[in-house]
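Colleague: This is what each chain is made of:
4 protein chains.
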Amino acid sequence: MNSFGHLLRVTTFGESHGPAIGCVLDGCPPGIAIAPEDFAHDLARRATGKTRHTSARHEADEVEILSGVYEGVTTGTPIALLIRNTDQRSKDYSAIAAQFRPGHADYSYWQKYGIRDPRGGGRSSARETTMRVAAAVIARKWLAQRGVTVRGCMTAIGDVVPRSHDWSAVEDNPFFWPCAEQVAELETYMDALRKSGDSVGARVLVVADGVPPGWGEPIYGKLDGELAAAMMSINAVKGVEIGDGFASVAQKGSEHRDVMTPAGFLSNHAGGILGGISTGQQVSVSVAFKPTSSLRLPVQGLDVDGNVVDVVTTGRHDPCVGIRATPICEAMLALVLMDQALRHRAQCGDVGEVAPRIAGTTSITDAKR
Amino acid sequence: MNSFGHLLRVTTFGESHGPAIGCVLDGCPPGIAIAPEDFAHDLARRATGKTRHTSARHEADEVEILSGVYEGVTTGTPIALLIRNTDQRSKDYSAIAAQFRPGHADYSYWQKYGIRDPRGGGRSSARETTMRVAAAVIARKWLAQRGVTVRGCMTAIGDVVPRSHDWSAVEDNPFFWPCAEQVAELETYMDALRKSGDSVGARVLVVADGVPPGWGEPIYGKLDGELAAAMMSINAVKGVEIGDGFASVAQKGSEHRDVMTPAGFLSNHAGGILGGISTGQQVSVSVAFKPTSSLRLPVQGLDVDGNVVDVVTTGRHDPCVGIRATPICEAMLALVLMDQALRHRAQCGDVGEVAPRIAGTTSITDAKR
Amino acid sequence: MNSFGHLLRVTTFGESHGPAIGCVLDGCPPGIAIAPEDFAHDLARRATGKTRHTSARHEADEVEILSGVYEGVTTGTPIALLIRNTDQRSKDYSAIAAQFRPGHADYSYWQKYGIRDPRGGGRSSARETTMRVAAAVIARKWLAQRGVTVRGCMTAIGDVVPRSHDWSAVEDNPFFWPCAEQVAELETYMDALRKSGDSVGARVLVVADGVPPGWGEPIYGKLDGELAAAMMSINAVKGVEIGDGFASVAQKGSEHRDVMTPAGFLSNHAGGILGGISTGQQVSVSVAFKPTSSLRLPVQGLDVDGNVVDVVTTGRHDPCVGIRATPICEAMLALVLMDQALRHRAQCGDVGEVAPRIAGTTSITDAKR
Amino acid sequence: MNSFGHLLRVTTFGESHGPAIGCVLDGCPPGIAIAPEDFAHDLARRATGKTRHTSARHEADEVEILSGVYEGVTTGTPIALLIRNTDQRSKDYSAIAAQFRPGHADYSYWQKYGIRDPRGGGRSSARETTMRVAAAVIARKWLAQRGVTVRGCMTAIGDVVPRSHDWSAVEDNPFFWPCAEQVAELETYMDALRKSGDSVGARVLVVADGVPPGWGEPIYGKLDGELAAAMMSINAVKGVEIGDGFASVAQKGSEHRDVMTPAGFLSNHAGGILGGISTGQQVSVSVAFKPTSSLRLPVQGLDVDGNVVDVVTTGRHDPCVGIRATPICEAMLALVLMDQALRHRAQCGDVGEVAPRIAGTTSITDAKR
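Chains as they are written, first to last, in this note's numbering: chain X, 1012 to 1380; chain R, 1012 to 1380; chain C, 1012 to 1380; chain D, 1012 to 1380.
Do not rely on the hints blindly, as some may be mistaken.
As the list makes no split between identical chains, a pair holds if one copy fits it or if it spans any two.
Said to hold, decoys possible - Computed list of lysine-lysine pairs in DSS-like fashion (alpha-carbon distance at most 27 Å, straight line): (1) K1061 to K1206; (2) K1152 to K1061; (3) K1061 to K1263; (4) K1263 to K1206.
By construction, these hints were calculated from the structure, which means they are not laboratory data.
On a predicted model such as this, the values are computed, not experimentally measured, just so you know.
Using the sequences and the accompanying hints, generate a full structural model.
Modeller: Shown next as structure tokens:
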């Protein structure tokens, strides 16, 4: 189960400290222009080692296109992408090879397989998500040709939340933070956190604009269902919301239901999805990230023989793994949307809307959050 | 995409007011004793028309076993279950056949398919979930033979939350509420809500005890990922959490990570899943339900020609659709667990744990919530 | 694994002598007109009890549409079809419940599942194929709207082969035989065979005309690969050929390769498929059926305790099971083609041919066989 | 659709003359010892350039293990294998980039995708099958631990058939020919063929010994159905048979049915499969290969503008592509068997036979052919 998607199918492979990581993107339409340099921007946004607020591991993340592209254009055959791992430091992890770190997949992998690759978390490392971002570069190109764009930002780091929301601020700071005036404050917050040896959780919002109504497959291929699975497959994710999410619990029906007018929807509590199918409004997804479990703070753990041991993690880790997760969440949103778009085209054709389209169905009330 | 599960595969069919609903459960191991009367208990828990707090529609929900069972025992071939619809009142819905109700799948289905069955919501009705509960009866039997049990309760109705948590209270009130002393209060609350013509959201907690470590498939078949998709596929769900869920955002890593001792885990913030694989602790999932959109309160809507119309829904509806959702969430949890159990057996065999098992890995700290 | 198809997905259920057989057809485009009476013609072609040359079992085979069709038109939701079994005679089979009939699935089902439904072969009966024919009625309607038609005939019964090939003769005799002058001879042959208590094998040819170039997915979803699996999934099939099939073994490359001219292909040794993708020529598939193993002739067998027993099958059986297989092979061809058509539309759009189309690519050399 | 298998899942990528070919083997059980040198033997058997009877292209075929193996043992995570292409000669093919070679996938790929990689056939080249052989090395190891072995041989080259059948002769000649005394004759035959510029078809037999009864999933995941799809997915295959295959057509039921005795089956017309499930006898599959279409003999073709052109293929090609196909067919048999074995373990457990096992169910009558 290292693949996802039904028609646009992503298969990833590789361990944190193995020779390489890679992916195969299958089912991609022919005719999309792709060059090795197309991957640089999004991979850099996800990469560690760029600022002091993420892991110090430095990866060049140079993508080699092994197949599926001829003379710069996709051919419809599987696209294999490969990135060599270049900054592995296996020695960082050797001490804990026989230990189970609390909050880590060490113990569960060991229980499942009876063996684990301890180098940097092996397959359970967030290193794997690099390939999702790479694959999504192609999906984003295809979606953009259809007017669909995907973006994301942080909406909480620990207990800090944005005081205002300005999309244009997001790419100008290392936190994907939508409120410029808070950035200095966050720098201080993160510096103190890093010094303390502890970590915090985070909340990420990703949205898609321009999604036409009709994408999504009831009942078990619902757009929101697949988004939930896609987001939950990212390391450290503990919760997913569509639209108002858990806030819906305390709402009244008369408040939650989004009224339609010829001029558009008057609100977007639904997050752009009803009955598992896009409505034409902005699709919005929120994702909860737990705090990193790899801390310099010692903690009691077990070794593989069941003995109590002191676990101290000295490797390079993110004090807030959620920060770099923004481009990963965007990638998963893009990949799910493109897969659903292809499935919609298969069943219902390309003819577009069949009912009167509500004006401005994309983002009249482009959620304030 | 009316199927889910990889080895234990559920396919459902049927519309709210069509002749019947049904499902096919494929991949079920042979040798499980099943009788038609086994379905009654769980279906009654989910059924409408039992108390004044749910829709007045009365369905007998008698299950006919059409295949896959010989002399009372599953044979390994597909099990088809059929329930005839008996209390359809198509007239309730005829007035709104050409209207799009705000907050409903009416509009998105119309946009996708260019046609919709307006009778009781057609395929988008929660009527479909009956078959998930039926299919899960078989899964729960199989899981119980392995010591795995599944249960659920409400943890919020609107802004009301339980003052205490007592599992033994849950089945003694119509709200699956874990705090007996609040039941009278809830009755009053719901009566007032029903009279107002409005609705509220809800929050459901489902847990599985006895799950051995090792179930779940990284990366894209993670146990939590599949649970998220399964829950999000239920009508009206807008959010899913594993373990501490969104509360993890504000936590520190030193607080969130669950410490292991030879006597067991000291906490269960993770909700029993690390790296997508069960740890042996209690698996816990929380689900957010939006308030029902079908209200007696009039609202502005559009008709299929784009004209503004007044929408008044006069059919039978639930003022809090989340109430009946508890057994549905339980069903999805059971079906996902059994599918993962079979997949684990396929890849890793039946031999059980390979590492020293932590004592009492199921529910040492059976979450207080 | 009681489902097949990737986008157009057929799931069947039911045993030979259970209460009912049925299927769910998922992924079907909306807007196809379907009425219960549409199924009668093809089901009658497949049915037993129509002539003395097939099993005497008489089944009414009345199809009930349980879902997915509203006001006579498909809605895009799953279409469930149900047929009640009406002429079960369990007593015919009781004697052999504890025996393994040579050449039957009795023994292999028992070994796999440890249990089997002995009534009429249970799930392994060709009764199941009824639902494939029913599902294909819908596929054939959709294909016909695109100019694609499917037909079939017998090309061998035992060692008898057609002396000439006339498609117009096929539906006028009970053997789907393409040479009218041989029909009386075949009647005599089959009467003698039936009296002898023995059975023979058969060979069926099915072809599709009007298939545009481009359908089929390399590498593991090749059109020919999926046709091979589809045909081999039919009871009693032991071989499948595309185009010249096994005759290709002794051919030279200069003889086998089909020359293209602006006026069309000059031959069709390939059977309309190159590289797993349709060429626009007639798609042709040949299928080998083994002789029925249920014979009145006694044979030595084993019982479930390993003892040698005399097996005499007294039930109603076909002396040449291949005869009724013609409409079944047609059904599988239609279902595979429609699934591939949807997949092609998903990846490559509906725009049709991109290269200069060879004139008359459908059936210039409509193979002589 | 560049993946196959349900639990043991193979995804391949790469073009004939691209930078590399590779595969991802997902779902593999942990604990299998694998080293890079394990691949050499089987890859050499499949490779071109070893004798004058196959294409002169020389590929080193050195396998790099990119993931899924830690300290020489599989970990249960996806195993990625990579082979760099080293002997591409794009110039060989440049002349025909704008032409459609008769009998090739050139035309159908062009029609499907509107673009094709003309270098050496691109994705449609048999170069892709290298990765199937590589993946199967791992499957064969796992099967061997369970007593299951796979082997294959040629049973026809053009119109030449073996005069006798001796498995021990097969690996001692470049034709996988089971009759040593014919080898010199075949050398002469092939030399003459190569000189003539023409090619011939071939027939390959692959068998599996030691397969326990019970593997295979009715109805649409039948062992024989999946074998048919697997074989038909190999380049140039036009037909597949199980057991007696097309010879069954002319057989009587009394002749075809394999009689069971406490000492074993008395024959194996079924080829080890009944009802889609293995019987415990030798599984046997025959595969028909068409003659290579790439000939030095000129032929009329079309160019992409629809003009008639003379096509002369001057690249390096096999005069009988079927020769090297023997290890490829073996690979597909092994991969399908292992996938089915895992699926059987999932549904029915590992406990083995449930009914009295017939003595010597593997290969009492190890088919004479």
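Colleague: Next, verify each hint and record whether it holds.
Modeller: Going through the hints against the structure:
no.	hint	verdict
1	K1061 to K1206	within (18 Å within a copy, 59 Å between copies)
2	K1152 to K1061	within (25 Å within a copy, 44 Å between copies)
3	K1061 to K1263	between (45 Å within a copy, 23 Å between copies)
4	K1263 to K1206	between (45 Å within a copy, 14 Å between copies)
Checked against the numbered hints given earlier, the structure satisfies every one of them.
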